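Chemist: Listed here are the chains, written in short residue letters.
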Amino acid sequence: MVIAAPKRIKQIKFGLISPKEFRKMSVTRVITADTYDDDGFPIEMGLMDTRLGVIDPGLRCKTCGGRAGECPGHFGHIELVAPVIHVGFAKLIRKVLRATCRTCGALLLTIDQKKKYVEQIKTLRRMGQPIEEIVTEVFKEARKAGTCQYCGEVQQEIKFEKPTTYVENEHKLMPTDIRARLEKMTDEDIEVIGMDPHNARPEWIILTVLPVPPVTMRPSITLESGQRSEDDLTHKLVDIIRINQRFQENREAGAPQLIIEDLWELLQYHVTTFIDNAVSGVPPARHRSGRPLKTLSQRLKGKEGRFRGSLSGKRVNFSARTVISPDPNLRIFEVGVPLEIAKELTITLNVTPRNIDEVKEYVRRGPENHPGANYIVRADGRRVKITDKNSTEMADLVELGWKVDRQIKDKDVVLFNRQPSLHRMSIMAHEIKVLPNKTFRLNPAVCPPYNADFDGDEMNMHIPQTEEARAEAKILMHVAENILSPRFGGPIIGGIHDHISGLFLLTNSKDKINKVDALELLAKSEIRELPEPAGKENKRPYWTGKQIFSQILPKGLNLEFKAEICEQCDICKGVDCEHDAYVVIKDGVLETGSIDEKAIGAFKSVILDKLMKEFNPQIACKFIDDATRLSIRGIMRKGFSFGMDDEYIPPEAQNHINEELDKAGDKVEKLIAAYKAGELEQLPGRTINETLEMEIMKELSKARDSTGDIAGRHLGMDNSAVIMAKSGARGSMLNLTQMAACVGQQAVRGERIKRGYAGRTLPHFDRGDLGSQAHGFVRASYKSGLSPTEYFFHAIGGREGLVDTAVRTSQSGYLQRRLVNALQDLEVQFDGTVRDTRKMIIQFKYGEDGINPMNSDFSKPDAVKRIIKSVTGKVKE
Amino acid sequence: MKEKEITGREFKPLDHVMVPRHEIIDEAEINKILAEYEIVKEQMPKIRVSDPVALEIKARVGDVVRIIRKSQTADKAVFYRLVIA
Numbered sequence: 020m021v022i023a024a025p026k027r028i029k030q031i032k033f034g035l036i037s038p039k040e041f042r043k044m045s046v047t048r049v050i051t052a053d054t055y056d057d058d059g060f061p062i063e064m065g066l067m068d069t070r071l072g073v074i075d076p077g078l079r080c081k082t083c084g085g086r087a088g089e090c091p092g093h094f095g096h097i098e099l100v101a102p103v104i105h106v107g108f109a110k111l112i113r114k115v116l117r118a119t120c121r122t123c124g125a126l127l128l129t130i131d132q133k134k135k136y137v138e139q140i141k142t143l144r145r146m147g148q149p150i151e152e153i154v155t156e157v158f159k160e161a162r163k164a165g166t167c168q169y170c171g172e173v174q175q176e177i178k179f180e181k182p183t184t185y186v187e188n189e190h191k192l193m194p195t196d197i198r199a200r201l202e203k204m205t206d207e208d209i210e211v212i213g214m215d216p217h218n219a220r221p222e223w224i225i226l227t228v229l230p231v232p233p234v235t236m237r238p239s240i241t242l243e244s245g246q247r248s249e250d251d252l253t254h255k256l257v258d259i260i261r262i263n264q265r266f267q268e269n270r271e272a273g274a275p276q277l278i279i280e281d282l283w284e285l286l287q288y289h290v291t292t293f294i295d296n297a298v299s300g301v302p303p304a305r306h307r308s309g310r311p312l313k314t315l316s317q318r319l320k321g322k323e324g325r326f327r328g329s330l331s332g333k334r335v336n337f338s339a340r341t342v343i344s345p346d347p348n349l350r351i352f353e354v355g356v357p358l359e360i361a362k363e364l365t366i367t368l369n370v371t372p373r374n375i376d377e378v379k380e381y382v383r384r385g386p387e388n389h390p391g392a393n394y395i396v397r398a399d400g401r402r403v404k405i406t407d408k409n410s411t412e413m414a415d416l417v418e419l420g421w422k423v424d425r426q427i428k429d430k431d432v433v434l435f436n437r438q439p440s441l442h443r444m445s446i447m448a449h450e451i452k453v454l455p456n457k458t459f460r461l462n463p464a465v466c467p468p469y470n471a472d473f474d475g476d477e478m479n480m481h482i483p484q485t486e487e488a489r490a491e492a493k494i495l496m497h498v499a500e501n502i503l504s505p506r507f508g509g510p511i512i513g514g515i516h517d518h519i520s521g522l523f524l525l526t527n528s529k530d531k532i533n534k535v536d537a538l539e540l541l542a543k544s545e546i547r548e549l550p551e552p553a554g555k556e557n558k559r560p561y562w563t564g565k566q567i568f569s570q571i572l573p574k575g576l577n578l579e580f581k582a583e584i585c586e587q588c589d590i591c592k593g594v595d596c597e598h599d600a601y602v603v604i605k606d607g608v609l610e611t612g613s614i615d616e617k618a619i620g621a622f623k624s625v626i627l628d629k630l631m632k633e634f635n636p637q638i639a640c641k642f643i644d645d646a647t648r649l650s651i652r653g654i655m656r657k658g659f660s661f662g663m664d665d666e667y668i669p670p671e672a673q674n675h676i677n678e679e680l681d682k683a684g685d686k687v688e689k690l691i692a693a694y695k696a697g698e699l700e701q702l703p704g705r706t707i708n709e710t711l712e713m714e715i716m717k718e719l720s721k722a723r724d725s726t727g728d729i730a731g732r733h734l735g736m737d738n739s740a741v742i743m744a745k746s747g748a749r750g751s752m753l754n755l756t757q758m759a760a761c762v763g764q765q766a767v768r769g770e771r772i773k774r775g776y777a778g779r780t781l782p783h784f785d786r787g788d789l790g791s792q793a794h795g796f797v798r799a800s801y802k803s804g805l806s807p808t809e810y811f812f813h814a815i816g817g818r819e820g821l822v823d824t825a826v827r828t829s830q831s832g833y834l835q836r837r838l839v840n841a842l843q844d845l846e847v848q849f850d851g852t853v854r855d856t857r858k859m860i861i862q863f864k865y866g867e868d869g870i871n872p873m874n875s876d877f878s879k880p881d882a883v884k885r886i887i888k889s890v891t892g893k894v895k896e
Numbered sequence: 092m093k094e095k096e097i098t099g100r101e102f103k104p105l106d107h108v109m110v111p112r113h114e115i116i117d118e119a120e121i122n123k124i125l126a127e128y129e130i131v132k133e134q135m136p137k138i139r140v141s142d143p144v145a146l147e148i149k150a151r152v153g154d155v156v157r158i159i160r161k162s163q164t165a166d167k168a169v170f171y172r173l174v175i176a
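So the sequences go chain by chain: A and B.
The opening residue of the first sequence carries number 20 in our numbering; numbering runs sequentially from there.
The opening residue of the second sequence carries number 92 in our numbering; numbering runs sequentially from there.
Rather than coming from a laboratory, the hints here were simulated on the basis of the structure.
Bear in mind the structure is a predicted one, so any value in this text is a computation, not a measurement.
By construction, the Cβ of each residue, glycine as well, lies at the ideal position given by its N, Cα and C atoms.
Treat each hint with caution, since some may be false.
[Claimed, not checked] Just a few of them, taken from the derived set where beta-carbon distance is under 7 Å, the chain A residues facing chain B:
| no. | residue |
| --- | --- |
| 1 | Leu576 |
| 2 | Ile860 |
| 3 | Phe863 |
| 4 | Gly866 |
| 5 | Glu867 |
| 6 | Asp868 |
[Claimed, not checked] Computed spacing ranges between beta-carbons, pair by pair:
| no. | chain 1 | residue 1 | chain 2 | residue 2 | range |
| --- | --- | --- | --- | --- | --- |
| 7 | A | Glu202 | B | Lys149 | 52 to 60 Å |
| 8 | A | Leu330 | B | Lys149 | 30 to 38 Å |
| 9 | A | Gln148 | B | Lys149 | 34 to 42 Å |
[Claimed, not checked] Here are the simulated DSS-like cross-link-like pairs (lysine-lysine), alpha carbons at most 25 Å apart as the crow flies:
| no. | chain 1 | residue 1 | chain 2 | residue 2 |
| --- | --- | --- | --- | --- |
| 10 | A | Lys43 | A | Lys203 |
| 11 | B | Lys132 | A | Lys879 |
| 12 | A | Lys858 | B | Lys149 |
| 13 | A | Lys864 | B | Lys161 |
| 14 | A | Lys422 | A | Lys408 |
| 15 | B | Lys103 | A | Lys858 |
| 16 | B | Lys137 | B | Lys161 |
| 17 | A | Lys159 | A | Lys203 |
| 18 | A | Lys29 | B | Lys167 |
| 19 | A | Lys884 | B | Lys132 |
| 20 | A | Lys864 | B | Lys137 |
| 21 | A | Lys178 | A | Lys141 |
| 22 | A | Lys110 | A | Lys81 |
| 23 | A | Lys632 | B | Lys161 |
| 24 | A | Lys864 | B | Lys132 |
| 25 | A | Lys178 | A | Lys574 |
| 26 | A | Lys864 | B | Lys123 |
| 27 | A | Lys159 | A | Lys178 |
| 28 | B | Lys132 | A | Lys29 |
| 29 | A | Lys641 | A | Lys555 |
| 30 | B | Lys137 | A | Lys884 |
| 31 | A | Lys430 | A | Lys408 |
| 32 | A | Lys110 | A | Lys29 |
| 33 | A | Lys430 | A | Lys379 |
| 34 | A | Lys529 | A | Lys493 |
| 35 | A | Lys428 | A | Lys452 |
| 36 | B | Lys103 | A | Lys864 |
| 37 | B | Lys137 | A | Lys879 |
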């Protein structure tokens, strides 16, 4: 394959095509609206004339002699009986009309002004600067003139009625009139309005000739019924030719002006919609079925248009897509691939002396006997499909230099991707594991980088086809190489949900685990030997959860950190922490502390961070595999569930909560009374109303928090929701407060709910009621159930959240697109500078410090502290 | 255009806390920088002569300005910009 060096485009010229040029580039005039005759052959001078190119196999183009596929197509033309306006330039025509004399066509500026502007435009052009500003000024100045300086004609106001009508003095300007005026403009004047008289004369905007696009860009398709179905563009061209003909007939017959004008307008409509079928003010032309036609502009514009959809868009072979589902027994860098998919996707093997026997075996197995082969490419380049019947015979034929498309099998490296691909961990290389059933299976620990869940998400898989691609995928994109995120310098892959709860339960309890249980917990991690037991009970040895967990830690790991459950005491007791929140790992043995989100959670795991930076990715991978499996065993040993009963609060606590809420209600009433009496003290920079709102909000959120505290006192570490919240597995204490104690204030745009009826939110309240209940304070808990008004307010607050997410995703998506477009070609060079493709310096040192954020410790200068500690033996905070 | 009257009370951008230090560097140093990054002058980022700070330090077209910024990541970050028309 020859890869040509990219060429730099020197110049692009945009202009208008003159009628003359339209005729010159046309190979035929199109006069009949018919396409094919009864025999199915294209009609001469019709829309499918063979001179315009051919699409039917067997026919030859009359212009270039090429067959279908070879002939690029050629333009034809339609002679319009009356000129029409090109919608795309309607606004320009308005500007030009207003700036030129209605009789002599001169630009309404003095000679000196013209000279000045031409001069300015020329300088700007020379410097490659945009000239729009000057041109706008020219039009603005020229419009001011009341009379023509050259012929003395008084100018009239020209009204523009969208999309293509111009009215002067209540008199409609026909395209012919407009064209006549524009024709009168001199070359010098045209230059003043920033146009090039040789490439774009303004009268060329008024179409007298319409180019007919080649047949190749509007192919007709033959339906299964044998019926031909024409392209949308052809349909539109048929309309134009029909009206054009009717127009001509009517004019020749001397029809009244009114009818002529109607037909003219109809012709204008058809030409307008041929160019753009989404002009505001014009009803879109529709197909018989009611579907709007896709005309020229629609082909180019937008996400699915020619530019974004066809030219920048890419689609590929060797890919698969299906629903994903979890499989904790897979390793994190594996992906479970359905057998059906594995049979379809292939890797091309070159037959060499080293692999010929292996290749022959694949061929022998055929396409149905996974892992087999689907195709053979012989030395002469002919592709032969392998079938069940010919497989044995083909296997014997295989020679050196042939190629065989082998089905993908276990351990092949593939790329796995979930959209939106927002960061580089959205596409990672996985190793295949062929499995039954029809979903892609992945280890739940790799959900965070893909941002995947299993509520119906689909993912794509791509098979690299060359050795180079496979090597690159394995070295650069392998899951193990992507455990650390370059976003914040910590692991993005790690335990989630039950992984955290499970290990927390295991390591935080004082459970005595007997030998059978201990070995069962560790069975999946392939650990067959236990350390010295922690003690003996009834003459039987037992082990602690911490010991079990230590078995999966690599030797030589030393760590000390505060766990997620740390209560941030004023004075840290360190190893003697009563919550067991101070983790100490010495030489791969967990001595104190509980394992929670801070230890193994995705985004936060200190252990994984250390393993990646001081050990290696393979060890980190193995640890994630072991930890997730151990945690699931651990959580199953105890059982872990949550139900309504777990939200139970004893009656005295409930009374306490009610008291607290009553107190808050009274306080709010007092505030309102003070406000009404005019005694409320205004906060600086706030109006009195804002002050009241803020005070009320403050009071109510305080009340909610205190109910949460009361509830929290009765919900201890034996409650699974508390365990999840404290260990960081899922949910928060706030969620628990809302379930058990009080849902709290519902807000819209950070304020209490105010909208609804005149002076009140709902008819249940008095007008002007400022009380907490009337403005969306939900006193109830989810468990006790919400009152009808509370329920309604809750729905209002909930809706805002949904709208916010929808708006945020679309906005941030567009921001991301713009950023990526702007930055995609920048590159960090070996000397640490950031440069673009022209090697211009953008940044003298990447990120100003030249540090790869992936290798930083959670973006903090932690390495310095570590070094100090290793030298002095002291920890400096 | 009329020259602006100098009152001695004009706003000086460089006195503002948010404006980093700018200084014009001499030919020898320019060559050292160009050699260090293996670039020609035109590959540097640019600054306009009409830029308020460039005016204040009286930079001329073709000069190279060193800008020393406070940086979140590196405490101090040094930038160079070529003065253009």
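Chemist: For which of the previously enumerated hints does the structure constitute a violation, in increasing order of number?
Modeler: 1, 8, 9, 11, 12, 15, 18, 19, 21, 22, 23, 25, 29, 30, 31, 32, 34, 36, 37
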